[in-house]
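Trainee: These are the residues of each chain, in order.
Protein chains: 2
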Amino acid sequence: MSQISGHNYIGGAYSAAGDTVLQSFDAVTGAALDGQFIQATREEVDAAALAASAAYPAYRGMAAARRAGFLEAIAAELDALDRTFIDIVCRETALPAARIEGERSRTSNQLRLFAQVLRRGDFYGARIDRALPQRQPLPRADLRQCRIGVGPVAVFGASNFPLAFSTAGGDTAAALAAGCPVVFKAHSGHMLTSAWVAAAIGRAVEKTAMPDGVFNLIYGGGVGEWLVKHPAIQAVGFTGSLKGGRALCDMAAARAQPIPVFAEMSSINPVLLMPAALASRGEALAAQLSASVTQGCGQFCTKPGLLMGVRSADFTALVEKLGTSLAALPAQSMLNAGTLRSYEQGVQRLHEHSGVRHIAGAPQQGNQAWPQLFQASAQLLLDADKVLQEEVFGPATVVVEAADDAQLQHIISALNGQLTFTLIADEADLGQCAPLISQLEQKAGRLLLNGYPTGVEVCDAMVHGGPYPATSDARGTSVGTLAIDRFLRPVCYQNYPDALLPAPLKNANPLGIARLVDGETTSARLIEH
Amino acid sequence: MSQISGHNYIGGAYSAAGDTVLQSFDAVTGAALDGQFIQATREEVDAAALAASAAYPAYRGMAAARRAGFLEAIAAELDALDRTFIDIVCRETALPAARIEGERSRTSNQLRLFAQVLRRGDFYGARIDRALPQRQPLPRADLRQCRIGVGPVAVFGASNFPLAFSTAGGDTAAALAAGCPVVFKAHSGHMLTSAWVAAAIGRAVEKTAMPDGVFNLIYGGGVGEWLVKHPAIQAVGFTGSLKGGRALCDMAAARAQPIPVFAEMSSINPVLLMPAALASRGEALAAQLSASVTQGCGQFCTKPGLLMGVRSADFTALVEKLGTSLAALPAQSMLNAGTLRSYEQGVQRLHEHSGVRHIAGAPQQGNQAWPQLFQASAQLLLDADKVLQEEVFGPATVVVEAADDAQLQHIISALNGQLTFTLIADEADLGQCAPLISQLEQKAGRLLLNGYPTGVEVCDAMVHGGPYPATSDARGTSVGTLAIDRFLRPVCYQNYPDALLPAPLKNANPLGIARLVDGETTSARLIEH
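From first to last, the protein sequence lines stand for chains A and B.
Everything in the first sequence is counted per numbering that gives the first Met the number 0, starting at 0 for the first residue and increasing by one.
Everything in the second sequence is counted per numbering that gives the first Met the number 0, starting at 0 for the first residue and increasing by one.
Mixed in with the good hints there might be a few duds.
Intra- or inter-copy, both count: the list cannot distinguish identical chains.
With a cut-off of at most 25 angstroms between alpha-carbon atoms, the simulated DSS-like pairs for lysine-lysine come out as follows [as the list claims (entries may be wrong)]: (1) K228 - K385; (2) K320 - K242; (3) K505 - K242; (4) K228 - K320; (5) K442 - K206; (6) K442 - K505; (7) K385 - K442; (8) K228 - K242; (9) K206 - K320; (10) K385 - K242; (11) K320 - K442; (12) K206 - K385; (13) K228 - K442; (14) K242 - K442; (15) K206 - K242; (16) K505 - K206; (17) K505 - K320; (18) K385 - K320.
Calculated directly from the structure, the hints in this document are not laboratory data.
Start from the sequences and build out the full structure, keeping to the hints where you can.
Mentor: Here it is as structure tokens:
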């Protein structure tokens, strides 16, 4: 493991007080990888939360530009990791090197984008209402508002993006940007990857002189519960299963002081195929859908898991072509043995359901996942049967044919909340799409037209969120710069003298940011009165 | 009751299916007032939630300027209510006419301020990242984001502001502004007032042709539980007790689909008196504090309930003067019999506690509330004894003397989350105040200097919120324009043609609003590419 430790990283130091030893495995061969990981003890979890808490005042109090420098330093450390690192991630996750290289860029660019947000300053939400001493019947005091980090954040990484949704991934980046120290619970599926990334963050902490405890990492199963229940933790970020996410939400809600949990959990990402598009390019659509469903072995939160259309010869033809296309594709290795087991169970559930018919796909066998296509009756969705609403994580998808437009609308109404909802439509279909959009807005965080939901751009306008159970709180996103909002809260200063105000609210506007002053947005400096 | 009905108002019609009859009382005499109120049945609560749900697509889909017109129409209807109405509010709450007149203005101006926000358009949070078809290694799709109302909102009014925090109060105004229909649960303390205001809203609905069901009102004890558990309800606004608010939070978190609850609950609003200010103007401070503690019979969420300072002759003198001042003030009628009983119990708790000493105030007797001053040992706060952290709603306050600056800091650390934290300081004190501010920011939503927390300005910069138990979610405010954010969620449109995009995101920027376009804020129209 060279310089990499399998010990918990707490307050800037490595710690291994426990005696439960964990092992990481090669995702393809199942062989144990070099190195051992020491599960955190209750005391170490406490220590990690307290280290984050101790770092919080200094970290959130520093200039946002310094935090930006820290994020950029992490990005540079990630980018500097060599081939050894990429090989390790590939071995732990069975993901190909090109994908991991791309994901590493995405992760470091995500950190750099948050650095830009910190310099841009709109995250402060600065608002100033100046005093109106002559106002009748009562004068108005000077009132100024900006946002601060909520406090230490617990982050639970996802298995399927070992970099972009993990140790230094979106939730960590958003929390650190917001001024919130992080305690990261490593995913059991890529602990060695986490150790490398944590070491990279550690070097960035040192180079930019951040407080110890700004980032902490713990290993182990079941230790997350202690973390979420710790009084020092003020918010939680999670990407994973509905069961796991909901359990964290319930724990957080039952605390003496309840805290918000932003859990990204379960979505089947419906795709609605419109008639003109089916008629004009059914063959191409089948090929594209097949690629989207099986990309990365179907291990995306945004994998299209439900394909819908109104009954027609073109729709039937598409289903047939899609079946042929999926059946011709090879099996792929999944992220780990648990993921494969869960995929097998999901596929089995569909096989066994009387309302679901298997269309194509080799019998699920061996230690890889075979692509599968099923068709279900529309009535199943209308009956709110759970089998179709449950995400099957892996390269499987389900087709549903509506009898007519009216039934299609009913089906859409019956759907749970989603991360994405995609329309595949030609120009001639758009008139028919328009009245659906209001309904789609209520169902999902991101609406796509003629694209595929796999592939989530990291930018200002992205929403990777949506109504429950897609996430636990539709008001947040876990990808894109708006993700920082989850970890900020407003504070108002009444009648504070300029010297005591934080930089974003001072008269001279030393940060040069846009502020809402007396109801108008301006970057101007204010005259003292 | 003239044109006023004591029936539930559901989907634009009055409904009285139940047989539980409720009565409103004169707050001073205890006499029953004219008119009866019919408690909502389970079916009526369902009907109200479904009426709100049915109104939601049309209401949130309409132009924000139309919603602004609706809010202004409600304001005009409120302002047009005559002396009969004011008399009714006074009789139900024992609040004086001048206060009610002022509160009515505050309420209608609050609605008008939200109308301005709707026209200003920053609530949309519009963000546009234009397509980058040539980008390497992958092109970027066109991505646009704006915010929509989350869905029907349940609002629970407060007793202490029968207009501004009630039927057409802050939560209702914020939800309606966000595009969310409201089901309002009337407070038992001012049902007649609620009926009048609901009728005013009903007239505004009619005049501005809003959908039936945009506003609904239900009466009754225990009916709130059905409302919060109803699947159509997507968020909850509440102002009241910690016990009541926490119960709603727990119900909402336990739903099949958990929903956010914004509960404003319990705060003791600490005031820290600094040495130079005590020395230079102790007498004036005692008079001002006395006025702030007893204003409106101490029935403000922001009443200063804890006065702190470092031990000194000046501090002792202030306590003495404050005692004299409070003892000289008359008893006042409280909002209702329940509030008086709760005040008596709170005062009794302080009397009985061995760590608390009674300083001044007539024995609590009769059917009015007498101002009371207590002094507690600093150790009580350090021991996290609950007696001092619990809000006593009414004209009582507690003084705590710290041995020195170090103990003062420990006391501040030991405090629960607060709505406000006030510093009373002279120029010479400011140097000593500065290092405290970081700590105060962690404790409260609003920090004041040389003012009193009673009196909450309705403006852009206000925060009426704060860490638990002041509120259930420190990221929200229930006063000021930022309150709208609680009821909005972002939606992203990927690759949507201009014709299908909502107005705030269209290229031509027909609303003329500021938008974040490719990382820069601009009101410009965009060129189609």
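Trainee: Give the relationship of K206 and K242 under a CA distance limit of 25 angstroms: within one copy only, between copies only, both, or neither.
Mentor: Neither way: K206 and K242 sit 39 angstroms apart in one copy and 48 angstroms across, limit 25 angstroms.
Trainee: Which holds for K442 with K206 at a C-alpha limit of 25 angstroms: within a copy, between copies, both or neither?
Mentor: neither (45 angstroms within a copy, 32 angstroms between copies)
Trainee: Pop the pair K228 and K242 into one bin, within, between, both or neither, using alpha-carbon distances up to 25 angstroms.
Mentor: both (18 angstroms within a copy, 21 angstroms between copies)
Trainee: At most 25 angstroms between alpha carbons: which applies to K320 and K442, within, between, both or neither?
Mentor: neither (29 angstroms within a copy, 61 angstroms between copies)
Trainee: From the Cα coordinates, with 25 angstroms as the cut-off, is the pair K206 and K385 best called within, between, both, or neither?
Mentor: Classified as neither: same-chain Cα gap 51 angstroms, cross-chain 45 angstroms, threshold 25 angstroms.
Trainee: If the cut is 25 angstroms between Cα atoms, do K206 and K320 qualify within a copy, between copies, both or neither?
Mentor: For K206 and K320, neither the intra-copy (55 angstroms) nor the inter-copy (56 angstroms) Cα distance is at most 25 angstroms.
Trainee: One pair to classify: K320 and K242, alpha carbons no more than 25 angstroms apart. Within, between, both, or neither?
Mentor: For K320 and K242, neither the intra-copy (35 angstroms) nor the inter-copy (60 angstroms) Cα distance is at most 25 angstroms.
Trainee: Is it within, between, both, or neither for K385 and K442, if the alpha carbons may be no more than 25 angstroms apart?
Mentor: within (17 angstroms within a copy, 44 angstroms between copies)
Trainee: Could you figure out if K442 and K505 sit no more than 25 angstroms apart (CA to CA) within one copy, between two copies, both or neither?
Mentor: Close across copies (22 angstroms), not inside one copy (42 angstroms); limit 25 angstroms.
Trainee: When Cα atoms must be at most 25 angstroms apart, do K505 and K206 count as within-copy, between-copy, both, or neither?
Mentor: Answer is neither: 30 angstroms inside a copy and 45 angstroms across each miss the 25 angstroms cutoff.
Trainee: Tell me, please, which holds for K228 and K320 at an alpha-carbon limit of 25 angstroms: within, between, both or neither?
Mentor: neither (51 angstroms within a copy, 45 angstroms between copies)
Trainee: If the cutoff is 25 angstroms on CA atoms, where do K228 and K442 land: within, between, both or neither? Let me know, please.
Mentor: Between copies only: 20 angstroms across chains, 31 angstroms inside a chain, cut-off 25 angstroms.
Figure legend: structure checked against the earlier numbered hints; hints not met, in rising order: 2, 3, 4, 5, 9, 11, 12, 15, 16, 17, 18.
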